[in-house]
Amino acid sequence: MDVTNAGFLRITNGNSVVTPINNKAMIRLEKINKTYFGAQPLHVLKGIDLEIAEGEMVSIMGASGSGKSTLLNILGILDNYDSGNYYLNGKLVKDLTENEAADMRNRTIGFIFQSFNLIPFKTAMENVALPLYYQNVSRKKRNELAMEYLERFGLKEWADHYPNELSGGQKQRVSMARALVTQPKVILADEPTGALDSKTSAEVMQILREVNQSGITMVIVTHEKGIALRTNKIIHLKDGVIENIEINHPEQIDFSKEIK
Amino acid sequence: MDFWREIFMALSRNKLRTFLTGFAISWGIFILIVLLAAGNGIMNGVSDQFSDQSTNVYMIYSGETSKPFKGHGTNRSIMFNDKDIRFLETEVRNVGQVSPRIYQNGFATFNDKSCSVFMSGVRPVFKDINNVKMVEGRFINELDEKNREKVIVIDENLRDKLFDEGISPLGQFIFISGIAYKVIGVCEVYEFSSGGNDYVPFSTLKAITRQTKYWMLNFTVNGLNSKEDNEAFTEYLRTQLAHFHEFDPDDTSAIYIRSRQEEYLQTMKILNTLQLFIWIIGFAMLISGIVGVSNIMRITVKERTNEIGIRKALGAKSRSILASIVTESMIITTIFGYIGMWLGMVAAEVGGNVLSKVQEGKEISLSIVPSIDIRIVLLATALLIVCGVLAGFFPARNAVKIKPIEAMNYR
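Top to bottom, those sequences are chains A and B. Quick note: the first sequence, position 219, residue 219 per this note's numbering, numbers continuous. Quick note: to get this note's numbering, add 1000 to the position in the second sequence (first position is 1).
Because the hints were derived from the structure by calculation, they are not lab data. Among the hints, erroneous ones may be present.
[Said to hold, decoys possible] Label pairs and their calculated CB-CB ranges:
#1 ASP239/A to PHE1019/B: 47 to 53 Å
#2 GLY215/A to LEU1016/B: 41 to 47 Å
#3 LEU1016/B to ILE245/A: 49 to 55 Å
#4 MET1009/B to GLU148/A: 17 to 23 Å
#5 GLU98/A to TYR1338/B: 31 to 37 Å
#6 MET1009/B to ASP197/A: 31 to 37 Å
#7 ILE1335/B to LYS94/A: 42 to 48 Å
[What the hints assert, rightly or not] The calculated SDA-like cross-link candidates involving lysine to any residue, where the alpha carbons are at most 25 Å apart (straight line), are:
#8 LYS122/A to MET1009/B
#9 LYS1133/B to TYR1061/B
#10 LYS91/A to LEU50/A
#11 LYS1302/B to ASN80/A
#12 LYS1317/B to SER69/A
#13 LYS122/A to ASN1306/B
#14 LYS122/A to GLU157/A
#15 LYS1401/B to MET104/A
#16 LYS140/A to PHE1003/B
#17 LYS91/A to LYS1403/B
#18 LYS1401/B to ILE119/A
#19 LYS1401/B to GLN135/A
#20 LYS1213/B to ASP1248/B
#21 LYS1317/B to ASP82/A
Given the structure is predicted, the values throughout are model-derived calculations rather than measurements. Where a beta carbon is used, it is the ideal one built from N, C-alpha and C, also for glycine.
For reference, chain A alone in the conformation it holds in the complex (with noise of 0.2 Å):
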């Protein structure tokens, strides 16, 4: 995979830390609770206050059951919270309807899933400019914009492949151009190399650095310690709360070697 040539490093200039631009929080967390209630009502959140200034690259450790992949569907309003507050890009997003929430998620919020969620019987292509097709962008204009997206991580010869003639990493990398071709605000990666192996890790996560380096904030969820300790903030969560705040130097890693 020839990503040095990606578009992304041009924006970047060699092992400079690119800090964020300003201080303004693109997320603001104040007292997030959620509890899930089951058979047993479970107490997933508990008061949560966090800030990720914009252009900031953080990721979210913890064990399985801390509350990190609610916290994500938090953010990534996909799943709403019982009380607190929470900003997104100075928006409050609280009690926000349904379709508000679809177009906000729409224009402000890229995913990347650990299982791609690549819809099966698109092509490449049509899966990278599905998320214009909700923001009624025309056709032509759409497909133009997947195809320089696509190109851009190096994946213009597939563009008419659908995902099961696609390897992991490049299915990682369509997904990542989905994300990517509506310019959203923030990145939300929720286990973004769960599915690949050690090289291809190294490679998506070198991407996800050059594409935050170009002004985008990112938060990665994850519990492999080698990629948390590619973005400059550890966010430890441990039933529930925020135990502890690890920042990193990620300037340090070599990012061209695989991720032990």
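Using the hints provided, position chain B relative to the given structure of chain A.
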């Protein structure tokens, strides 16, 4: 435009799913239509049979006594005579015209051709009672009867045996047992009997054969509209005839009284039951079709839960997902429903033609030609389509209601 393109793509990319769903619908409608058509065919066949005949007709046949009565032993055969005819014609209010029926076997010749013949001596009213259908010429009239004319109405069988093609039998004389009869008409072969379709005036045959006892009386009746009327009338006749011929009125084998109206009512009752049965089967078919279609729709939507979740995460609004799923199911059910309906009607039509061909020329008493009521077909098709759409709608509504993250993780 874009919306339709998306739907068309989803349908064409999931060919198997589209086909299976469509097939279930087509099959359901197809079977339903064929079934209803076959049922209608039977109904039509039987009603046709009756519509050929007037129903205000009674037939009395002679029988043998089975009970001793007033010094008479059993096994005495009861035959009818002129007194009975006079009684019926003049004293029984409900009786219209009476035609006895007497028979004679003979040998008919015309020029060098000959053929055995079984003649009936009847009165003019017999034509209406048994719905004799004339091919050419006329039936026996009152004048023939009054003047004991030696005239004969032959059936097509006898005509074909005695007359070369192209020769009109009308006005020709044929000889039967040494007597010349003038042919006045040709009638169709009566389906129910194996012979006796060559008619001469009753008075003529009576004079020739010197018969005074008759095996059978036919007559028309008026004003007997209900089952009760018919029963009372039959009872009255039986009592009167028992009195004349001295047999036990309770002896059911002495004479047989048949009312075609009673037969008609009875057959209609059976037919109505049959029709009800067909409707129940049809309805059950429809229900099972609906259940089948609904189930496939439900599974289809379940299968797409992941896709729904992904689309929602990418910013699709519930309404747009719902609209596309419902539109998809509407397109599938409508197109395939239409195909099924069309195939069913073609099958019914072809089946009808084949059956008519098979039955043609054969002396089959019941012609079962499938026919369809287009309103019922349309109604059933519409019902299936609506149910198919609803069956897609409800699970889809549930699917778009669940949170995208759950939908995506759904397996």
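Are LYS1317/B and ASP82/A close enough, with their CA atoms no more than 25 Å apart?
-> Holds. LYS1317/B to ASP82/A sits at ~23 Å (cutoff 25 Å).
Take the C-alpha atoms of LYS1302/B and ASN80/A, compute the straight-line distance between them, and say whether it is at most 25 Å.
-> Measuring from Cα to Cα gives roughly 23 Å; hence the hint holds.
Within a Cα-Cα threshold of 25 Å, do LYS1213/B and ASP1248/B meet the stated pairing?
-> Cα-Cα ~20 Å, so holds.
Whether the CB-CB distance between ILE1335/B and LYS94/A falls inside 42 to 48 Å = holds, 45 Å
Are GLU98/A and TYR1338/B spaced within 31 to 37 Å by their CB atoms?
-> Distance hint for GLU98/A, TYR1338/B holds at roughly 35 Å.
Would you mind confirming whether the straight-line C-alpha gap from LYS1133/B to TYR1061/B stays at or under 25 Å?
-> Given pair LYS1133/B, TYR1061/B holds - Cα atoms ~24 Å apart, limit 25 Å.
Are the Cα positions of LYS91/A and LEU50/A separated by 25 Å at most?
-> Within the cut-off at roughly 15 Å; holds.
Can the suggested window of 47 to 53 Å be confirmed for the beta-carbon pair ASP239/A and PHE1019/B?
-> Given range 47 to 53 Å: holds, Cβ gap about 51 Å.
Are LYS91/A and LYS1403/B close enough, with their CA atoms no more than 25 Å apart?
-> Since the Cα atoms of LYS91/A and LYS1403/B sit roughly 22 Å apart, the hinted pair holds (cutoff 25 Å).
Pairwise hint evaluation, GLU157/A against LYS122/A, where the allowed Cα distance is 25 Å at most = holds, 16 Å
Is it true that LEU1016/B and ILE245/A lie within 49 to 55 Å of each other by Cβ?
-> holds, 51 Å
Does the alpha-carbon distance linking LYS1401/B and GLN135/A stay inside the 25 Å limit?
-> Since the Cα atoms of LYS1401/B and GLN135/A sit roughly 21 Å apart, the hinted pair holds (cutoff 25 Å).
Going down the numbered hints, you'll see the structure goes against none, and every one checks out.
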